[in-house]
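The listed protein sequences derive, respectively, from chains S and A.
Here this note's numbering is used: the first residue of the first sequence is 1, the next is one more, and so on.
Here this note's numbering is used: the first residue of the second sequence is 255, the next is one more, and so on.
Note that these hints are calculated values from the structure, not bench results.
Among the hints, a few may not be true.
Stated by the list, open to error - Not close to chain S: a few residues of chain A, all C-beta gaps over 12 Å, as computed:
| no. | residue |
| --- | --- |
| 1 | Val259 |
| 2 | Asp262 |
| 3 | Leu263 |
| 4 | Val266 |
| 5 | Asp274 |
| 6 | Ser277 |
| 7 | Gly278 |
| 8 | Gly280 |
| 9 | Asp282 |
| 10 | Lys284 |
| 11 | Leu292 |
Stated by the list, open to error - Cβ-to-Cβ under 8 Å is the rule here; a few derived chain S residues that face chain A:
| no. | residue |
| --- | --- |
| 12 | Asn130 |
| 13 | Met226 |
| 14 | Pro242 |
Unchecked claim - Straight line, CA to CA, 25 Å or less: simulated DSS-like cross-link-like pairs of lysine-lysine:
| no. | chain 1 | residue 1 | chain 2 | residue 2 |
| --- | --- | --- | --- | --- |
| 15 | S | Lys243 | A | Lys256 |
| 16 | A | Lys285 | S | Lys243 |
| 17 | S | Lys225 | A | Lys285 |
| 18 | S | Lys238 | A | Lys285 |
All of these numbers come straight from a predicted model, not from anything done at the bench.
Backbone N, C-alpha and C define an ideal beta-carbon position, used for all residues, glycine too.
As a plain string of letters, each chain reads:
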Amino acid sequence: MDFTDEQLERYARHIILKEVGGAGQMALSQAKVLVVGAGGLGAPMLMYLAAAGVGTIGIVDNDHVELSNLQRQIIHHTPDVGALKAESAKAKLEALNPEVTINIIPKRLVSENAESIIGGYDIVADGTDNFKTRHLISDTCVKLEKVLVSAALGPYEGQIATFKPHAGEGLPCYRCFLPIEPDPSQERTCSDFGILGAVAGVVGSLQALEILKEITGVGDGLAGKMLMVDTFSMNVRKIGLPKDPGCPSCGEGN
Amino acid sequence: MKITVNGDLKTVEDGVSVWDFLSGLGLDPKKVAVERNLEIVPKSTFADVSLEEDDQLEIVHFIGGG
């Protein structure tokens, strides 16, 4: 498959990068990425994935846009209040890049539908706001051997990691980091605790970047690592995240 | 022996396990992640891993917002 003149121009700044090149751009166009959650993380992530020419993007979200989302969920605009987030996001992405196929799944991800939804994609991005769904996504990705690029937000902080225990000895899954769900009292959602809007932009953009790197093979990924971003103090640290041999999902505890 | 916990110097019993150290702080070891010398300590090994002099610990709270 060759690029059209329009594609060569649209993706010129990717193709000129020696690490990406035509092969990397082709890999992006053939990639299928599922984004679970079109909120704070999903908003910038979806925009960068579509802009980059990721060929097929799935969006799972059954929420509707609320006015209080708009200080950070920049894919949704004021006239979208009340609309399904998945529909709102799809419209923006198609305007941004009509070449990408956007599949919307306006449902909650639950154990009954997780395998059939996730099974159709190569890479899954977790942008959800609760630990129960985070565990469901991780367990399904472990079972189906899908790459999971995960991020989480606090009021001024983010954590980003890539999980692919199937890809190498010693690589962890999300449950190696968080084996059991914390108490609901620890569930520090943005609606409960607030978040400075641009924090979601920074962390969601880093998540998009790691997905683009996974697809193209560019640079060092975050498998077996976790990036801890503290925007309050502006400390960014990359720490090791080894597999837990007793992990209930990908280890002997299974 | 002396270790550093979230940037603060602390004196702890020689060879204390991660589990006992966290419990001694009044934390439920099941509910936090511990980073020791820039690496997360696997939770299933908390009772077996002994802290050493000059260890740098960070107690990492889970965040889950999206």
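Now the hints, each set against the structure:
With a least beta-carbon separation of about 15 Å from chain S, A:Val259 lies farther than 12 Å from that chain, consistent with its non-interface assignment. Against chain S, the non-interface label of A:Asp262 holds: every CB pair exceeds 12 Å, the least being about 15 Å. The Cβ of A:Leu263 lies farther than 12 Å from every Cβ of chain S, with a closest approach of about 19 Å, so its non-interface assignment holds. With 12 Å as the threshold on Cβ separation, the claim that A:Val266 sits away from chain S holds: the shortest Cβ distance comes to roughly 21 Å.
No beta-carbon of chain S is positioned within 12 Å of the beta-carbon of A:Asp274; the least distance is around 18 Å. With a least beta-carbon separation of about 17 Å from chain S, A:Ser277 lies farther than 12 Å from that chain, consistent with its non-interface assignment. Against chain S, the non-interface label of A:Gly278 holds: every CB pair exceeds 12 Å, the least being about 21 Å. Every C-beta of chain S lies more than 12 Å from that of A:Gly280, the closest at about 15 Å, which supports listing it as non-interface.
A cut-off of 12 Å between C-beta atoms contradicts the statement that A:Asp282 is not in contact with chain S; the least separation is 9 Å. Taking the minimum C-beta to C-beta distance to chain S, about 7 Å, the non-interface status of A:Lys284 is violated against the 12 Å cut. Its closest Cβ contact with chain S, about 5 Å, brings A:Leu292 to no more than 12 Å, contrary to its assignment away from the interface. Given hint, S:Asn130 at the interface with chain A, holds; its Cβ is 6 Å from that chain's nearest Cβ, closer than 8 Å.
Look at S:Met226: its Cβ gets to within about 7 Å of chain A, closer than 8 Å, so that hint holds up. A least Cβ separation of about 6 Å between S:Pro242 and chain A falls short of the 8 Å threshold, and the interface hint therefore holds. For the suggested pair S:Lys243 and A:Lys256, the alpha carbons sit about 28 Å apart, so the restraint of at most 25 Å is broken. This hinted pair checks out: A:Lys285 and S:Lys243 have alpha carbons roughly 18 Å apart, not beyond 25 Å.
Taking the CA atoms of S:Lys225 and A:Lys285, the gap is about 20 Å. The hint holds against a cut of 25 Å. For the given pair, S:Lys238 sits about 21 Å from A:Lys285 by alpha-carbon distance, which is consistent with the 25 Å threshold.
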